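> So you can see what is in the structure, the chains are spelled out below.
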Amino acid sequence: MKALKCRECGREYPLGATHVCEFDFGPLEVVYDYDQIKESLTRAALVSRPQTMWRYRELLPVAGEPTVGQKVGFTPLIKADRLAEALGIREAWVKNDAVNYPTLSFKDRVVSVALSRAKELGFTTVACASTGNLANSVAANAASAGLHAYVFIPADLEQGKIVNSLVYGSHVVGIKGHYDEVNRLCAEIAGKYGWAFVNVNMRPYYAEGSKSMGFEIAEQLGWRLPQHTVVPMASGSLLTKIQKAYQEFTKLGLVAATKHHVHGAQAAGCNPISAAQKAGLDFFKPVKPHTIAKSLAIGTPADGFYALKVMRETGGSAEDVTDDEIREAIKLLAETEGIFAETAGGVTVGVAKKLIASGKIPAKDSVVLCITGNGLKTLDAVNGHVGHPREIRPSLREFESLLASETNSLVTA
Amino acid sequence: MAAKVRIPTPLRKLTNNEELVEVSAATIGDAISELQNRFPGIKERLIDDTGAIRRFVNVYVNEEDIRFLQNQQTKLKDGDEISIIPAIAGG
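From first to last, the protein sequence lines are chains A and B.
In this text, residue positions in the first sequence follow our numbering: the first is 1, and each later residue adds one.
In this text, residue positions in the second sequence follow our numbering: the first is 1, and each later residue adds one.
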């Protein structure tokens, strides 16, 4: 790490807890010394390191060794042949952050970086504004690091995500409003209290953690970039950081510079970025979210502008899917690959299906789907849509008549 | 109309560290002009070369984003609260 730099005007700042340019409010980003990194970060060095996201430590913004979330990352990249067949594409891979450690979403990546950096900067209280997954991760990782945590969430979140924040003993504040309102309040709180807000004043460090998902995809594919990557978009940050990961690996000579397309996925009930992309605009219009994909329900996406730029520059597309399509896609992924994703995963799979059907992802190509969270956290979204168990008494006779009726219905169906 | 403007941390160097500034303006655009008269330099931090609010600046009147209202033409009334907030990442 050398400095923080404004993405808009290029002004540089010291490596403290600050996230926007004082001049134009542009987001600040960490600057690295790639010539120096190139010396130590080789394929040979990487494969000898532990299988966590911290194997890419030189490209993550902490000064010393990580102190929070040392075991995060290096989740499975699954070759998804049955899903590929169902989607009608030659080859599909699933990057499965539904089993990320410890809180079953990709947010553990960003939080381990943000909290490690917060400790380096001397903070003892951490906080976040969250649609759920980030709250879970901040609460859990803060507990194990002995930090105080305040998490702010929309009050109407899924029960699973609320309990998953409360259990770690953090202060959970439910805000009567949607995420953009939670965010606005948190910006005001962050200005007033000396806390490390992971997605406000710690954002330059936090956001860089997302790159590790891209690094892992490239390494696990055998040191190459995927032809197509489909990424869910809330603020648009993950999509821009996955592209940054691909660019950094290319710059460091770890992968060849091959043509690759980064596609963005949103819910139809909250689609400011995909609507802009489809209309050919380079700016978005904020929306008021209304979707079961609550983890993606950000109507004013902070990185929407840059996400649109990445899609434009890589020849990627965006698409959005309805609540019913999200549920169908969750079931499709579960039935073909045995992976139960949360609603955001349904958005990713549903959008991939649409992009393949429309030819925007050609059937002869290969695609990586980024699954960012676990279905056990959003049971409410699918409960009642996946059928019910059939009940019988503990009697062989009853079981056999049940089996016969199911076989009959299969024959007649 | 007398409205209160909540000044975000990055701009407080310009307002002598004042967090809450009272303005008497009919619209958001007028309020920004008044801020500029009292705290020279603040306008170029909020407005870009084309006259639009900067891409990474969000302005709210009583908790509503002005892009859902009439942008800089949004009318103000007595007691309104204006917040100026940088865009935030998250999820």
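For the record, the hints were derived by calculation from the structure and aren't laboratory data.
If you're wondering where the values come from, they're calculated on a predicted model, not measured in any experiment.
Idealized CB from N, CA, C, for every residue including glycine.
Be a bit skeptical, because a hint or two may be false.
As the list claims (entries may be wrong) - Computed from the model, here is a short list of chain A residues facing chain B with C-beta under 8 Å:
#, residue
1, E22
2, F23
3, D24
Stated by the list, open to error - So these bits of chain B aren't anywhere near chain A, every CB distance computed over 12 Å:
#, residue
4, S24
5, F39
6, Q72
7, D80
> Confirm or reject each hint.
Quick rundown of the hints versus the structure:
Hint status for E22(A) relative to chain B: holds, with the closest Cβ pair at about 4 Å, below 8 Å. With a cut of 8 Å, the hint placing F23(A) at the interface with chain B holds, because the nearest CB-to-CB distance is about 6 Å. For D24(A), the interface hint holds, since its Cβ comes within 8 Å of a Cβ in chain B; the closest pair sits about 6 Å apart. The claim that S24(B) lies off the interface holds: its Cβ sits roughly 23 Å from the closest Cβ of chain A, which is beyond the 12 Å cut-off.
The beta carbon of F39(B) sits about 14 Å from the closest Cβ of chain A, which is more than 12 Å, so the claim that it is off the interface holds. Non-interface call for Q72(B) relative to chain A: holds, since the shortest CB-CB distance, roughly 16 Å, exceeds 12 Å. For D80(B), the shortest C-beta to C-beta distance to chain A comes to about 16 Å, beyond the 12 Å cut-off, and the non-interface label holds.
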